[in-house]
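> Listed below, chain by chain, are the residues.
2 protein chains.
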Amino acid sequence: MSASLGQTEVISLLSLSLACVGILANTLHGDGEPLIASIAFSGLAFSFSYALIRWLGNAFMKAGFKGRDLSKLRQVEIPETMGAVCAIVYLLIIIIFIPWPFYKDIVAATSGGGNRDVVLELQQVETGRLLHRFPHSKLASYLSAILSIQSIVILGIGDDLFDIRWRHKVLIPAFASIPLLIVYFVDFGVTKMVVPIPLRPYLGELFDLGWLYYVYMAMISIFCPNSINILAGINGIEVAQSLVIALLIMFNDALYLSPFTPYPHPATDSHLFSLYLLLPFIGVSVALLMHNWYPAKVFVGDTYCYFAGMVFAVDGILGHFSKTLILLLLPQIFNFVYSAPQLFHLVPCPRHRLPHFNPRTGLLECSTVEFKKPLARPIVDVLKLLHRFRLLRIETNEKGEVVSSTNFTLINLWLMWFGPMREDRLAMGLLAFQTGCGLVGLFIRHRMALLVFSQDNL
Amino acid sequence: MSASLGQTEVISLLSLSLACVGILANTLHGDGEPLIASIAFSGLAFSFSYALIRWLGNAFMKAGFKGRDLSKLRQVEIPETMGAVCAIVYLLIIIIFIPWPFYKDIVAATSGGGNRDVVLELQQVETGRLLHRFPHSKLASYLSAILSIQSIVILGIGDDLFDIRWRHKVLIPAFASIPLLIVYFVDFGVTKMVVPIPLRPYLGELFDLGWLYYVYMAMISIFCPNSINILAGINGIEVAQSLVIALLIMFNDALYLSPFTPYPHPATDSHLFSLYLLLPFIGVSVALLMHNWYPAKVFVGDTYCYFAGMVFAVDGILGHFSKTLILLLLPQIFNFVYSAPQLFHLVPCPRHRLPHFNPRTGLLECSTVEFKKPLARPIVDVLKLLHRFRLLRIETNEKGEVVSSTNFTLINLWLMWFGPMREDRLAMGLLAFQTGCGLVGLFIRHRMALLVFSQDNL
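Protein chains in written order, with the working numbering: chain A, 1 to 458; chain B, 1001 to 1458.
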């Protein structure tokens, strides 16, 4: 990878940045349209990330953030952990963006000579306009989202630096979710759940989950980052799957906005909030993907996977669509459940479960794990059952003992189903699968929800 | 340094932690006394940092965070950047602390069946009680403080990893101050300044600095971290000077609290806010100092200096005592001004300006810089003047040209004045100076302010 940008790149990035700055300047004249500003900021996020990934590559290699691509013939060293660069650009952008969603309120309040410390006059308080227009509590949510994302970036960089053990790694998102949960608590976040119709006779229309709701949020925050982190290992897959999920969430958010849903809709604000967090994420991820797609010129590091997962988690929680989010993560959930036997050491787990690169054909093949010691009887039965349903491929010796099986990952399963293929075709296949699952999920969400809920909130 | 804790250490840390947890549990029964909770959390912060510094030392060395102590006979490698551990413990603690200062309000609001999303009834709005008792805007300030500190920790770790050039380093705190400034802006922070009496005929009683106030805040945020970072280089000095400053601010804060000032005082809240940020900082810093004091078993890294400076900056800005803060940083200001000729390359600046270690005596001596090329006439005149006032020691050759001078740092000046001394005595001397300056500063602040202002705000 060249450390400097080519002339075309410089011109493209500069024109994009200038256009974005122009749009931003324009938003200051009008109502401070936050959505348009967010799009412009995302353009800037893209340009900054793109340039910084190139400029900082050598510095990262010098500091020891480097690795070899095992699925290539020429295994040159390339920079690792470049996701950290994107994450920091992202954080900077969403922090600078803060005034925009609040701009309207600032104008309203200051043009009335308002100052937070000035005691509100009774008339203003009675009409309640100022109260409605200055959503301080939303600011706190937004800040808590940034804090959680920033926390996971710090801990993710720590993970990339110190190579933390798997059982400690799982806790990284748990720590990072603390700011989110605490501010949610202090802000009297809603802990009530709409009860599906069949259960209403027992639980009522709304059921207050209480502290269990916090457990639920913590579990989402722990699941999203880790699930993206384990569906990884081939060029571009971490970033591209995150992009697909982000685009699907964006699509779902758009359904709640003006042309599709009459304004004002009670859920509009939540979904705008979600977009403000997502758009710059898409910006930095596209820049990263352009360097991480096959053949990769940089690696993204665990930092990126955690970062992406946490963006989705805070987005789903604070945007109040965490159940929809789960539908969009079906391939990740499948991969996690499928991996569980190895992750929890019911079946031996090798250090890496990446597909095997065949240097003769240049294609990736299923990787396998050998069982040195015979497995327990019930486990053998399950493996054989999975083999029969083509969810695993096992090999047996002459005594009928299972001596090896394919590794328990979605990536290997894909290769088992469709045969050896080149790394980018494999990634494309998995992405198509992710997109398909997500679209089906959204269809279920909006068309079939009425079977169990009294109304779709759309 | 042993990587594991001795038996006495384990028992002491465990008993301290248990006592703190007990106190915390107790605060939940009463009014949720945030100040007492903050003290208990600081005890926990101390214990965690102390233990983690020991446990993580080897991991840091393995990841390349290590350095040799040049001022020792036996130059073994010891862990570097351990300030990052303290900073992360600090961040975790002040995030978990969030519910305490808001506890009273939560009880008040929820016992009235309150929920943020429920529309306020007119009666509640008119009496304004709920509004007063739920300081959401304060929460946002607190979160912005955490965000700025967290930002500087990320960038500080980046600095320690990548060895960023001096002219880029200066900007690290500028970036980190962005969350603080933006939330201050969105929150309608006060940008008015009380005008000293002699200027009142021209400016009025209060002068609105407007955007200049933001420049002022940014300058404080840039100055504090950098000024601590350049008064560094001997065992313990970075942490100990920060502790002295923190204790002096704490002393000043205490003057606004109950036994000294009748409650409620308009500035009480601001100074409580300041204490909440400071107490855990003192906790982690004491733990670090015990490992960094002469002879150092760990180094603190630039991360610590930035972190400490940023804690002071956000504390002073959000606690509304930034002018007092400046009085407490007089030695740092002197050191910066004194260093300026070298920092801005008016006079040659060697890579390191640490005092020189004399292995024969075991004492530190003034380090000097040699001038290979003759200096410009006006600079020579200034150097000679400084020499005459014993603020510098220069050497001249037979032609009367200045060929060398002591390095322009407070540490070297101290050694020039009081002669060679052991590293810990040097540190003690500088700390005594810092304490003395600070006390004089506070005396001026509270006794002489009446000469130029119509009232001390005490």
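Hints are not guaranteed to be accurate.
[As the list claims (entries may be wrong)] Calculated pairs, DSS-like style, for lysine-lysine (alpha carbon to alpha carbon, straight line, at most 25 angstroms):
(1) B:Lys1066 to B:Lys1399
(2) B:Lys1138 to A:Lys62
(3) A:Lys66 to B:Lys1066
(4) B:Lys1066 to B:Lys1138
(5) A:Lys192 to A:Lys62
(6) A:Lys66 to B:Lys1138
(7) B:Lys1297 to A:Lys169
(8) A:Lys169 to B:Lys1066
(9) A:Lys138 to B:Lys1138
(10) A:Lys373 to A:Lys384
(11) A:Lys66 to B:Lys1169
(12) A:Lys62 to B:Lys1066
No lab work stands behind these hints, which were simulated from the structure alone.
> Against each hint, give a clear statement of whether it holds in the structure.
Status of the hints after comparison with the structure:
| no. | hint | verdict |
| --- | --- | --- |
| 1 | B:Lys1066 to B:Lys1399 | 45 angstroms, violated |
| 2 | B:Lys1138 to A:Lys62 | 43 angstroms, violated |
| 3 | A:Lys66 to B:Lys1066 | 19 angstroms, holds |
| 4 | B:Lys1066 to B:Lys1138 | 40 angstroms, violated |
| 5 | A:Lys192 to A:Lys62 | 51 angstroms, violated |
| 6 | A:Lys66 to B:Lys1138 | 43 angstroms, violated |
| 7 | B:Lys1297 to A:Lys169 | 28 angstroms, violated |
| 8 | A:Lys169 to B:Lys1066 | 24 angstroms, holds |
| 9 | A:Lys138 to B:Lys1138 | 13 angstroms, holds |
| 10 | A:Lys373 to A:Lys384 | 17 angstroms, holds |
| 11 | A:Lys66 to B:Lys1169 | 24 angstroms, holds |
| 12 | A:Lys62 to B:Lys1066 | 16 angstroms, holds |
Hint check: violations occur at hints 1, 2, 4, 5, 6 and 7; the rest are consistent with the structure.
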